[in-house]
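Residue numbers (numbering that gives the first Met the number 0), protein chains in the order written: chain A, 0 to 288; chain B, 0 to 288; chain C, 0 to 288; chain D, 0 to 288.
The set of hints was computed from the structure by calculation and includes no laboratory data. A hint or two may mislead.
Said to hold, decoys possible - Quick list of in silico lysine-lysine cross-link-like pairs, DSS-like style, CA-CA up to 25 Å: (1) C/80 to C/12; (2) B/126 to C/4; (3) D/54 to D/4; (4) A/1 to A/12; (5) D/54 to A/126; (6) D/126 to C/126; (7) B/158 to B/126; (8) B/126 to D/126; (9) B/80 to B/12; (10) C/126 to A/126; (11) D/12 to D/54; (12) C/54 to C/12; (13) B/55 to B/12; (14) B/126 to A/126; (15) D/158 to D/126; (16) C/55 to C/80; (17) C/80 to C/4; (18) C/1 to C/12.
Said to hold, decoys possible - Okay, the calculated beta carbon distance ranges per label pair: (19) D/278 to C/80: 47 to 53 Å; (20) B/218 to C/131: 21 to 27 Å; (21) C/1 to D/99: 20 to 26 Å; (22) B/215 to C/102: 37 to 43 Å; (23) D/8 to A/169: 46 to 52 Å; (24) C/102 to D/99: 35 to 41 Å.
Glycine included, each C-beta is placed from N, C-alpha and C at the ideal position.
There are 4 protein chains.
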Amino acid sequence: MKDGKIDGEGLDKLIEHVLAGGVHGLFLLGTTGEGPSLSQGQKIQMVRRAGAQVKKRVPIIVAITDTVVEDTLELAQVCAKAGADALVVAPPYYLPPGPAEFLAYLDQLLPALPLPLFLYNMPSMTKVSLDTPTLAEALARPGVIGVKDSSGDMGLFHKLLSLRAAEPRPRGWAFFTGSETLLAESVLFGAQGGVCGGANVDPALFVELFEAALARRMDRILALQGRLMALSAIYGHGHHASSGIKGIKCALSLLDVCGDGMAAPFAAFAGPERQQVARDLGALGLIPR
Amino acid sequence: MKDGKIDGEGLDKLIEHVLAGGVHGLFLLGTTGEGPSLSQGQKIQMVRRAGAQVKKRVPIIVAITDTVVEDTLELAQVCAKAGADALVVAPPYYLPPGPAEFLAYLDQLLPALPLPLFLYNMPSMTKVSLDTPTLAEALARPGVIGVKDSSGDMGLFHKLLSLRAAEPRPRGWAFFTGSETLLAESVLFGAQGGVCGGANVDPALFVELFEAALARRMDRILALQGRLMALSAIYGHGHHASSGIKGIKCALSLLDVCGDGMAAPFAAFAGPERQQVARDLGALGLIPR
Amino acid sequence: MKDGKIDGEGLDKLIEHVLAGGVHGLFLLGTTGEGPSLSQGQKIQMVRRAGAQVKKRVPIIVAITDTVVEDTLELAQVCAKAGADALVVAPPYYLPPGPAEFLAYLDQLLPALPLPLFLYNMPSMTKVSLDTPTLAEALARPGVIGVKDSSGDMGLFHKLLSLRAAEPRPRGWAFFTGSETLLAESVLFGAQGGVCGGANVDPALFVELFEAALARRMDRILALQGRLMALSAIYGHGHHASSGIKGIKCALSLLDVCGDGMAAPFAAFAGPERQQVARDLGALGLIPR
Amino acid sequence: MKDGKIDGEGLDKLIEHVLAGGVHGLFLLGTTGEGPSLSQGQKIQMVRRAGAQVKKRVPIIVAITDTVVEDTLELAQVCAKAGADALVVAPPYYLPPGPAEFLAYLDQLLPALPLPLFLYNMPSMTKVSLDTPTLAEALARPGVIGVKDSSGDMGLFHKLLSLRAAEPRPRGWAFFTGSETLLAESVLFGAQGGVCGGANVDPALFVELFEAALARRMDRILALQGRLMALSAIYGHGHHASSGIKGIKCALSLLDVCGDGMAAPFAAFAGPERQQVARDLGALGLIPR
Chain A
0 MKDGKIDGEG LDKLIEHVLA GGVHGLFLLG TTGEGPSLSQ GQKIQMVRRA
50 GAQVKKRVPI IVAITDTVVE DTLELAQVCA KAGADALVVA PPYYLPPGPA
100 EFLAYLDQLL PALPLPLFLY NMPSMTKVSL DTPTLAEALA RPGVIGVKDS
150 SGDMGLFHKL LSLRAAEPRP RGWAFFTGSE TLLAESVLFG AQGGVCGGAN
200 VDPALFVELF EAALARRMDR ILALQGRLMA LSAIYGHGHH ASSGIKGIKC
250 ALSLLDVCGD GMAAPFAAFA GPERQQVARD LGALGLIPR
Chain B
0 MKDGKIDGEG LDKLIEHVLA GGVHGLFLLG TTGEGPSLSQ GQKIQMVRRA
50 GAQVKKRVPI IVAITDTVVE DTLELAQVCA KAGADALVVA PPYYLPPGPA
100 EFLAYLDQLL PALPLPLFLY NMPSMTKVSL DTPTLAEALA RPGVIGVKDS
150 SGDMGLFHKL LSLRAAEPRP RGWAFFTGSE TLLAESVLFG AQGGVCGGAN
200 VDPALFVELF EAALARRMDR ILALQGRLMA LSAIYGHGHH ASSGIKGIKC
250 ALSLLDVCGD GMAAPFAAFA GPERQQVARD LGALGLIPR
Chain C
0 MKDGKIDGEG LDKLIEHVLA GGVHGLFLLG TTGEGPSLSQ GQKIQMVRRA
50 GAQVKKRVPI IVAITDTVVE DTLELAQVCA KAGADALVVA PPYYLPPGPA
100 EFLAYLDQLL PALPLPLFLY NMPSMTKVSL DTPTLAEALA RPGVIGVKDS
150 SGDMGLFHKL LSLRAAEPRP RGWAFFTGSE TLLAESVLFG AQGGVCGGAN
200 VDPALFVELF EAALARRMDR ILALQGRLMA LSAIYGHGHH ASSGIKGIKC
250 ALSLLDVCGD GMAAPFAAFA GPERQQVARD LGALGLIPR
Chain D
0 MKDGKIDGEG LDKLIEHVLA GGVHGLFLLG TTGEGPSLSQ GQKIQMVRRA
50 GAQVKKRVPI IVAITDTVVE DTLELAQVCA KAGADALVVA PPYYLPPGPA
100 EFLAYLDQLL PALPLPLFLY NMPSMTKVSL DTPTLAEALA RPGVIGVKDS
150 SGDMGLFHKL LSLRAAEPRP RGWAFFTGSE TLLAESVLFG AQGGVCGGAN
200 VDPALFVELF EAALARRMDR ILALQGRLMA LSAIYGHGHH ASSGIKGIKC
250 ALSLLDVCGD GMAAPFAAFA GPERQQVARD LGALGLIPR
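Same shape as in the complex, but just chain A (with noise of 0.2 Å):
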């Protein structure tokens, strides 16, 4: 953000900067992606951006979680146009809705999307931390095609790929973890990959670490993720739900590929903190020490 508005340029440069590391796809407006303190206006603004820059050349996901289901309805139509590929969606993040309520409104959803939906369980930020029969349900709604998981929760991964591993004719469904330090034991596993905020500042990294999982390299794994770990740094300093947020945007901006404005009302990291992301840059050889 900058000066209240969708930072369009540095929105450009970042995706170049993703891309350039190699990921394999985009996801945008989650949680790290302030999706929820977005206008539907700037939402809008952003997925067009967003797909006008990337033209194709890696899938896009667009998180259209909202407590409004109308604007999420109209937010899903302006991604299939802007050349997304598929939509996440976690509940509603005010009046929790109960299991069988989720399922409902699943099932009002998803008659009116025009791409496939991927699945949002993010219990720290919606209340609702969507269990193994829930989501198995979920799973088995035509057009779902697969789960990101915040949650944290390796036992729950591991009942999910038990219960994708049972079925009798196998949909193919697939995981991604959002913990980006859960990436390699959950591709090691079984999971399809991870949507990580980390890989805003060093997406070489974790593109890296994706592919030593995929190959079942455990010595590069355990080298790379003592480096992830060491990035991870970036994430402790503040101490509330934004800092993680603030740790990437401020190093984004270290590193010259955008600027640190976070959307209103939270504030870029100050001074000290900035300091201490610069440091842990500097250790791991990202900006000069």
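Given chain A, work out where chains B, C and D should sit, using these hints.
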């Protein structure tokens, strides 16, 4: 809601129903008012219609809570023009702000608000439990005139009122409880009133209870509290956060005040729950048994 | 505690201190009484010494809560012989029992208990929040004569009292609040009293507040509540669950009633916190400033 | 348990069952071992009998967790004399200690312990979530040789192992996971092993999985993980914290290893759940279908 739109006629009838019951003000677009499920356009329509219907007979307070600051500020302007008297804001409800971030949020809003502001503490929905020091700091902001607390935590209530009593220069901010079963004791101990969802159904009961509490008539309070607890049965016919709202809407429909349509993605009570609510109302003599 | 042992003389002096303040009964081995930190031998010693000191001047209730049923039952027998009048039990606090398991637990205990039993709802420590239906079922057990509720949830309180009022054949079970700041309103609305940690420090204040509530003298209640809130300052000088107990013990030591030794592994307040508690007591005139 | 007493013969048979399966050590009196439900006398009896049965064939680790420090220290001495090799301690589980209080607790214990100590992170039962800085400080204490983590939080795991890797002078503390479905990935990424409740039922499966993880044989791991997930079905036949233990005991009884008696106040699975566990074991070929 009716067919995905604001049920304007129903809204008018509901307003007349609660005014006829003697309520001292209206609170729009809160949790029970389904504010977060309405699009910005629907919110604006709602505020305008209510303002036109009320015609200044009682004060109107409108919840402008949102995750998008721009929308919050726009709605505030609409409220002022539509004849509202005050605004109320809870923390943005996706990425939960820390105490300092919440105060910074207020400092962004306050200079731009055309009306005085109440704080809204609603931890079960916002994930943010505003504590005593944060509330005390927030209540010291010029422009902040009170707090609506839906935490149900009478310990916090007593701490806040104790702070208010100890203020060297009393600013006279108001305390409203959002927990209707705690209305009487809150008023007995110094609260200015309550925002009671059940008052949509039986407004006179809440007005009488409020007045009995103001007059410290304990026998009367206990009798009315008993009736209030009986009315609370309508909240018990469901398992999720939406149950309370469904119960109120169902009751209003049975009383022929307005329809029971919920804002998407939630759905009105079906037959069995409706029969239970009918039984509850019948036992209270609100509808024929 | 003194040198890892029960401070018998301190206990005697504390008992005389609170009896001199007019309390209507003693509650031993609860949370503030550090019951769970004492060995079975120390608990037995404590109950016997207290019984011998009280000599039936007031009723004694003893918490026999434990994770070991055998120890609970043994302690119950000791209580009966030592002159206690009733027992109180919270759910076993390691593996949290479900509702049916808690009721089965009661059914194991009740036939073997030599004294009537209170239930103890203490979710913050036991992880078990006893809800209305479970409490209602438990209170219907012969031998169960009441509930001490430390949930701080006045909504639950009103539900329970509403159920009690609706009983076809009133069993007359008692409700005691464990939240001292809620004593007055609980009694106003029908509670039989409170178990108030702060009454160790200033017993007369709580006795007067209780009596003012019984007499429904609101002005008096508000004045005393103000003093109670001021006394609550002693709970605010620490960050953990132990802070409240440390504050009370520190105050008792400053009042020269008994030492401030905590049961291991916790430690008494050190200098800075002690000075703050002294300031709190000084402001109330309980010790010279 | 059998008739309220330790089932000594059952214990011996269970020990031989798991040793026959090749386990590398025993973990006594943990959550699954029902430690907190046993009296001090029963704990002592259990440790002695197990020590006598094992006769140093494998190392024994004993959980000395308690809310009573005196009992913890006494049990530690018994363990040393009974032939145990290490101790493990979780935070006292009634009044939850803060970080500094937990470290002070360790400093009280360590000088008096006759055996090396593991830390036990078990937030679901103790209400205390040991975080990275606290664990790091605790692991730096002489006498502390590792941590058993049952948080299920692989993010914490990676942080701890990352800290371990960065130690200037590696102390070589061990990491054991208490989440059996996470055993393989934990070992792949550097854990020393796991404490797996399911290994009571099918010890060879867990030994093979551990060895496959050590050898980094992913195909083998995935096959065994599938079997492990199928075995996990025995945890799913109940609704409360006790369900897992009931499932294991029920399975052991069906396998004719020992009885299914639970420590009071909990009760063994009744007919319907027992039939489901039998079906689970039958599907795995552990008992005839």
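Each hint tested on the structure:
The hinted pair formed by residue 80 of chain C and residue 12 of chain C meets the criterion: a straight-line CA distance of about 22 Å does not exceed 25 Å. As the CA atoms of residue 126 of chain B and residue 4 of chain C are separated by approximately 43 Å, the hinted pair breaks the 25 Å bound. Using a Cα cut-off of 25 Å, the hinted pair residue 54 of chain D and residue 4 of chain D holds, with the two alpha carbons roughly 23 Å apart. The straight-line distance between the Cα atoms of residue 1 of chain A and residue 12 of chain A is roughly 14 Å, inside the 25 Å bound, and the hint therefore holds.
Proposed proximity of residue 54 of chain D and residue 126 of chain A is contradicted: the alpha carbons are some 50 Å apart, above 25 Å. Between residue 126 of chain D and residue 126 of chain C the CA atoms are separated by roughly 8 Å; this keeps the pair inside 25 Å, and the hint holds. Taking the CA atoms of residue 158 of chain B and residue 126 of chain B, the gap is about 21 Å. The hint holds against a cut of 25 Å. This hinted pair checks out: residue 126 of chain B and residue 126 of chain D have alpha carbons roughly 19 Å apart, not beyond 25 Å.
Only pairs whose Cα atoms come within 25 Å are accepted, and residue 80 of chain B paired with residue 12 of chain B is accepted, the gap being roughly 22 Å. With a C-alpha separation of about 19 Å, the suggested pairing of residue 126 of chain C with residue 126 of chain A holds against the 25 Å cut-off. With a CA separation close to 14 Å, the supplied pair residue 12 of chain D and residue 54 of chain D stays within the 25 Å bound. With a C-alpha separation of about 14 Å, the suggested pair residue 54 of chain C and residue 12 of chain C falls inside the 25 Å cut-off, and the hint holds.
Note on residue 55 of chain B and residue 12 of chain B: the hinted pairing holds, with a Cα-Cα distance of about 16 Å set against a maximum of 25 Å. Proximity of residue 126 of chain B to residue 126 of chain A is assessed by CA-CA distance (about 8 Å); at most 25 Å being required, the pair is judged to hold. Distance restraint check for residue 158 of chain D and residue 126 of chain D: the Cα-Cα separation of roughly 21 Å lies within the 25 Å cut-off, and the hinted pair is therefore satisfied. With a C-alpha separation of about 12 Å, the suggested pair residue 55 of chain C and residue 80 of chain C falls inside the 25 Å cut-off, and the hint holds.
At most 25 Å may separate the alpha-carbon atoms for a hinted pair to count; residue 80 of chain C and residue 4 of chain C meet this at roughly 22 Å. Among the hinted pairs, residue 1 of chain C with residue 12 of chain C is consistent with the structure: their alpha-carbon atoms are about 14 Å apart, no more than 25 Å. Our hint of 47 to 53 Å for residue 278 of chain D and residue 80 of chain C holds, since their Cβ atoms are close to 51 Å apart. The beta-carbon spacing between residue 218 of chain B and residue 131 of chain C, approximately 25 Å, falls within the hinted interval of 21 to 27 Å.
In this structure the supplied range 20 to 26 Å holds for residue 1 of chain C paired with residue 99 of chain D, their Cβ-Cβ distance being about 23 Å. Separated by about 40 Å at the C-beta atoms, residue 215 of chain B and residue 102 of chain C satisfy the suggested range of 37 to 43 Å. Between residue 8 of chain D and residue 169 of chain A the beta carbon distance is about 47 Å. The supplied range of 46 to 52 Å therefore holds. For the hinted restraint 35 to 41 Å between residue 102 of chain C and residue 99 of chain D, the CB-CB distance of approximately 39 Å keeps it satisfied.
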